[in-house]
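There are 2 protein chains.
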Amino acid sequence: MGRIAVTDGMDDSAVKQLEDAGHEVVLKHYSKEELEAGILSDFDAVVIRSATKITDKVIRSSSGRKRSLKLIGRAGVGVDNINMDAATKSKIAVCNTPSSSTNAVVELTIGHLLSCTRHITTGDRTLRNGKWEKKNLRGSELSGKRLGLIGFGRIAQGVGKVARSIGMTLHAYDPYLPAEIAADQHCTLHDNIDDVFRLCTHISIHCNHSAETHHLVNSERISMMPGIGIDGVECGNHLVNCARGGIVDEVAVLNALESGALSSVALDVFEVEPVVDNPLLNHRNFHGTPHIGAATYEAQARIGQEMAALIIDFLKGRKPKSILNPEVI
Amino acid sequence: MGRIAVTDGMDDSAVKQLEDAGHEVVLKHYSKEELEAGILSDFDAVVIRSATKITDKVIRSSSGRKRSLKLIGRAGVGVDNINMDAATKSKIAVCNTPSSSTNAVVELTIGHLLSCTRHITTGDRTLRNGKWEKKNLRGSELSGKRLGLIGFGRIAQGVGKVARSIGMTLHAYDPYLPAEIAADQHCTLHDNIDDVFRLCTHISIHCNHSAETHHLVNSERISMMPGIGIDGVECGNHLVNCARGGIVDEVAVLNALESGALSSVALDVFEVEPVVDNPLLNHRNFHGTPHIGAATYEAQARIGQEMAALIIDFLKGRKPKSILNPEVI
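Protein chains in written order, with this note's numbering: chain A, 1 to 329; chain V, 1 to 329.
Please note that the accuracy of each hint is not assured.
Identical copies look the same in the list; a pair holds intra-copy or inter-copy alike.
As a list, the in silico DSSO-like pairs of lysine-lysine whose alpha-carbon atoms are at most 30 Å apart [stated by the list, open to error]:
hint, residue 1, residue 2
1, Lys131, Lys316
2, Lys161, Lys66
3, Lys28, Lys134
4, Lys134, Lys16
Since the hints were derived computationally from the structure, they do not count as laboratory data.
So here's chain A without its partners, still in its complex pose (with noise of 0.2 Å):
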């Protein structure tokens, strides 16, 4: 039967699933070092999140003589830390859990958004400092306004689906996404993203972080936002980020913070993770949480259970659905 390491922590359950399935599983964090030296050459599948780096030269090492890796399973959506290309070329297949952790992005991205048009977190700070900041924190509300969503995939239209039912209107940028989706989900759909930014006092960030991504937020397009809502109301602008770091300019958006282009900004991703030192955190209108997009008991059993269903299949021969290099196989 197969060996499979899981590098970055898996749900009990699904652990579970692949020993009753007749697998071996061993749950150990290697090492850049060790993974560079071709660990994972002894094993038929790997399992990580985020943490573990999967380089060119960490694929170039893991063929081994008796066993070599055939399978990457990224527990959860990114694969930013996984050299496609290597992996395609040494024929080995990646996969990911698409879906498992949608619905707690979705949820984060809804109270991101209201934390930050309700100063909840700053609420929060100035009465644990000792201060009753009531007269300071009169904020605005999302009914009414319209949402612009960059990218309009799965976790999109499931902030959408909320956000309508508070009384916000849908516009979206996704040059990949069938017109009758968004139609569909009662979303504009826009040809052109700065548009996007032109109509809509609040952006929430949904699509991946790539070359065509990098920076998209940034400070020209900050500046088109309008400030003032459909319903008159000068709410000012608002960014929520919890997709990935990198495609939003953080310098730019200390700028806006400071000029006063952006009224509050939310990220849970960031360009550098873990944050050291970042001066983003030190203003007043910043909202950080520290990358718990899919930190939910829920999410991280769903996705435990499908990358073990899809691991189960993978070794019985059988093609993954989430495969994201299908040329391998």
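Go by the hints and put chain V onto chain A.
The following block gives chain V in isolation, referenced to the frame of chain A:
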């Protein structure tokens, strides 16, 4: 024409509305001594928020020779700061603006629910303190859980609508509500409040504060909460109060946070406001805001406009819709 005192501020557009109708508006906060000395006897109406206390003594001194106070307008909802019996005895009408702030409180309640279950304030606070606490901040999802609403009026119904869109199921206790309204909103109405606590991992308070509801949330009821969602997830128990201080026993809540009977609590209202030296504020899983439920630009504009229209009509001899002591007219 009428003379109107506005003692706790009012939206500019509403003041203009009153002046355009020919009334004189005096925007001034009066001290307790001035109020008790009869300053209001020279006005036809007074508009207050929560800061001005209209006591028996203030009311007894509000009948003058030239004019007499005829209307107390509460720009907002709660009238705990008005002695209703004394007002009724003196034939002074008391009106509020009950629906203007509904959506503002709905959004804050949902924000607090998500902030609690996803550790948003804790994430922000620890980030600002230079810590990357990703591993300690695993949360739980609202989707798939039961939300218990204590009181099922306009605000609770609004919260329920958004909570349902997130995937929660609704349970409520409201002895004054016709059962068909709950059914229309897909909410199970219970005759016994304890049943709501027994069934629900998440409870939100949406009733008035009265002798009947004082310390309605106590240790016994908190201990009934299940801690495990109907989806089987050990999400803990979560309590939100954006209604009125005093409904929740704060000592019981602190004990419950310490024992783990509650995993989180979010309070926008407190037994004593402003909050001073409340030991709750030091608990990691407490989330607080300084009574900002109605503190949005939208709500304040709606409140002002509704109050101005009401006063203009009242001074023309029409009975206001939102009169709380109709027996005086």
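Now for the hints, and whether the structure bears them out:
1. Proximity of lysine 131 and lysine 316 under a CA criterion of 30 Å is satisfied in neither setting, with 62 Å inside one chain copy and 44 Å between copies.
2. Proximity of lysine 161 to lysine 66 under the C-alpha cut-off of 30 Å is found in neither arrangement, the shortest distances being 50 Å within a copy and 58 Å between copies.
3. Taking the shortest Cα distances, lysine 28 and lysine 134 sit within 30 Å of each other only across copies (19 Å), while inside one copy they are farther apart (49 Å).
4. With identical chains, the CA atoms of lysine 134 and lysine 16 are at most 30 Å apart between copies only, with a shortest distance of 25 Å across copies and 51 Å within one.
Hint check: violations occur at hints 1 and 2; the rest are consistent with the structure.
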